[in-house]
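Engineer: Could you put together the complete structure from these sequences and hints?
Protein chains: 2
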Amino acid sequence: MLKAIKIVLVGTSHPGNIGGVARAMKNMGLAELCLVAPRGKFPHQDAAFRSAGAIDILEQAKIYDCLEDAVADCTLVAGSSARSRHLPWPLLNPRELAGRLEQELAHTEHRIALVFGREDRGLSNEELHLCHLHVHIPCNPDFSSLNLAAAVQVLTYELRMAVLATQEKQAMPEAQHFGTEWDVPFANSETLEHFFNHLEHTLIDINFHNPDKPRQLMSRLRRLYMRARPDTIEVNMLRGILTLTQQAANKNAATKPPESN
Amino acid sequence: MLKAIKIVLVGTSHPGNIGGVARAMKNMGLAELCLVAPRGKFPHQDAAFRSAGAIDILEQAKIYDCLEDAVADCTLVAGSSARSRHLPWPLLNPRELAGRLEQELAHTEHRIALVFGREDRGLSNEELHLCHLHVHIPCNPDFSSLNLAAAVQVLTYELRMAVLATQEKQAMPEAQHFGTEWDVPFANSETLEHFFNHLEHTLIDINFHNPDKPRQLMSRLRRLYMRARPDTIEVNMLRGILTLTQQAANKNAATKPPESN
Numbered sequence: 001m002l003k004a005i006k007i008v009l010v011g012t013s014h015p016g017n018i019g020g021v022a023r024a025m026k027n028m029g030l031a032e033l034c035l036v037a038p039r040g041k042f043p044h045q046d047a048a049f050r051s052a053g054a055i056d057i058l059e060q061a062k063i064y065d066c067l068e069d070a071v072a073d074c075t076l077v078a079g080s081s082a083r084s085r086h087l088p089w090p091l092l093n094p095r096e097l098a099g100r101l102e103q104e105l106a107h108t109e110h111r112i113a114l115v116f117g118r119e120d121r122g123l124s125n126e127e128l129h130l131c132h133l134h135v136h137i138p139c140n141p142d143f144s145s146l147n148l149a150a151a152v153q154v155l156t157y158e159l160r161m162a163v164l165a166t167q168e169k170q171a172m173p174e175a176q177h178f179g180t181e182w183d184v185p186f187a188n189s190e191t192l193e194h195f196f197n198h199l200e201h202t203l204i205d206i207n208f209h210n211p212d213k214p215r216q217l218m219s220r221l222r223r224l225y226m227r228a229r230p231d232t233i234e235v236n237m238l239r240g241i242l243t244l245t246q247q248a249a250n251k252n253a254a255t256k257p258p259e260s261n
Numbered sequence: 001m002l003k004a005i006k007i008v009l010v011g012t013s014h015p016g017n018i019g020g021v022a023r024a025m026k027n028m029g030l031a032e033l034c035l036v037a038p039r040g041k042f043p044h045q046d047a048a049f050r051s052a053g054a055i056d057i058l059e060q061a062k063i064y065d066c067l068e069d070a071v072a073d074c075t076l077v078a079g080s081s082a083r084s085r086h087l088p089w090p091l092l093n094p095r096e097l098a099g100r101l102e103q104e105l106a107h108t109e110h111r112i113a114l115v116f117g118r119e120d121r122g123l124s125n126e127e128l129h130l131c132h133l134h135v136h137i138p139c140n141p142d143f144s145s146l147n148l149a150a151a152v153q154v155l156t157y158e159l160r161m162a163v164l165a166t167q168e169k170q171a172m173p174e175a176q177h178f179g180t181e182w183d184v185p186f187a188n189s190e191t192l193e194h195f196f197n198h199l200e201h202t203l204i205d206i207n208f209h210n211p212d213k214p215r216q217l218m219s220r221l222r223r224l225y226m227r228a229r230p231d232t233i234e235v236n237m238l239r240g241i242l243t244l245t246q247q248a249a250n251k252n253a254a255t256k257p258p259e260s261n
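So the protein lines, in turn, are chains U and S.
Quick note: my numbering has the first sequence finishing at residue 261, numbered continuously throughout.
Quick note: my numbering has the second sequence finishing at residue 261, numbered continuously throughout.
Keep in mind that the hints were calculated from the coordinates and are not lab data.
Certain hints may be false.
Which copy is meant is left open, so a pair is good if it fits within one copy or across any two.
Below, in silico cross-link-like pairs of lysine to any residue (SDA-like), each with a Cα-Cα straight-line distance of 20 Å or less [stated by the list, open to error]:
1) Lys213 to Asp73
2) Lys169 to Asn93
3) Lys251 to Ile204
4) Lys41 to Thr108
5) Lys169 to Asn140
6) Lys62 to Asn188
7) Lys169 to Glu96
8) Lys169 to Arg95
9) Lys3 to Pro141
10) Lys62 to Lys251
11) Lys213 to Gly240
12) Lys251 to Phe208
13) Lys3 to Arg118
These numbers come from a predicted model, not from an experiment.
Structural biologist: Spelled out as structure tokens, the structure:
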């Protein structure tokens, strides 16, 4: 199960921290590291030194230009976040996240990304809105900035504890959270981004949405659908609705007299 | 409760690691650091740098010649240890240790020491035998050496989680699942039924839905939105979208030639 989880570091400044993260990952049995636009040089000797032998993880690390690409194949994206944000978003602590692991990885196609932001200012709001949920380590409110590798250590420790607990109870029957097994894989981030893009264009077509005066509309809709975690059939269904909505709007527009002639 | 717990580092080589430990401690709300025969120079600028502002903990750190003195006032001494030792000793994982915290600190006079060994070879057998019990972080057996600060981070995180759980039990405050309080009431069933009714009519209007051949469509959409638990603002937003979709569809229909004349 731990092999289905990738660690994504966004805009990391210090190569040493990347090495510390690789070490923490390998300690806990994870293998896949993705770097989004690292600000320091990479590869770097500080990374190799701090990894204390987790060189394989550094060598196989994938580098991306933007977070969207790094999580494109993931069915659950969890972003590390401070507690308060202007738009409330589902927020778990590491243990609550780990508690969902077994269910999340019930499908072999499912993949999870844990996303960690910059050392100095974390993830941007836009990046946080690419996440299904946010994870917060409940630290001392007067001294709340964890070292990057330390944060990864805590999260991956919780995931490992959950996996060990799952292995321990393997003889016992699976908990059924949906009455029966969910029979369709969840949509991955790429599919969801296409959907959100389609949704936004459709809302413009029906004059509901004005990108110049967004009023948090797309953020709110994104939050709603991210909470629901649509599966692939559901996304197809929603996009079918959008396509017919656009047809209706555009036929309608075509019959209108041109606005200026 | 966290103030009754001290972290004891034995024979630490790298001052930077002492700083990393101080940071981890302060992140989790601990304050008391003891150093037993540190092998590097202390105080040291590397320690100050890695502490990232937890200077107060470094400045107040006490230095001892031997572990016995450092833990003299403690009623429970827990030593960090690899799994296998020649003489079996009570061995807990960090969560099991944290689970005992409340009971251990039931007396105000009780004090706990968490003891961590040298970066390269841990605690000696003699030192381990000064402990009431041993704690082992269940890491990857093929790559089991955690960074010292990372090990302290995991242990102190577990202790903090236990203390927060105890406090929640005592005060029963509201659970904060969304970073801040969800600021809008969830839609009630009546509101949701109106929405689903509106949705179904709209889907008929855009020719997506044929009530004579329902194909589980409304059931699937219902399941999707029920999972998301829309709040009242979100339902208003969705209904606004439906209204404009219907306007687009109906204007369009109005311009079509009547089907039978």
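Engineer: Give me the numbers of the hints this structure contradicts, sorted from smallest to largest.
Structural biologist: Structure breaks hints 1, 4, 10, 13.
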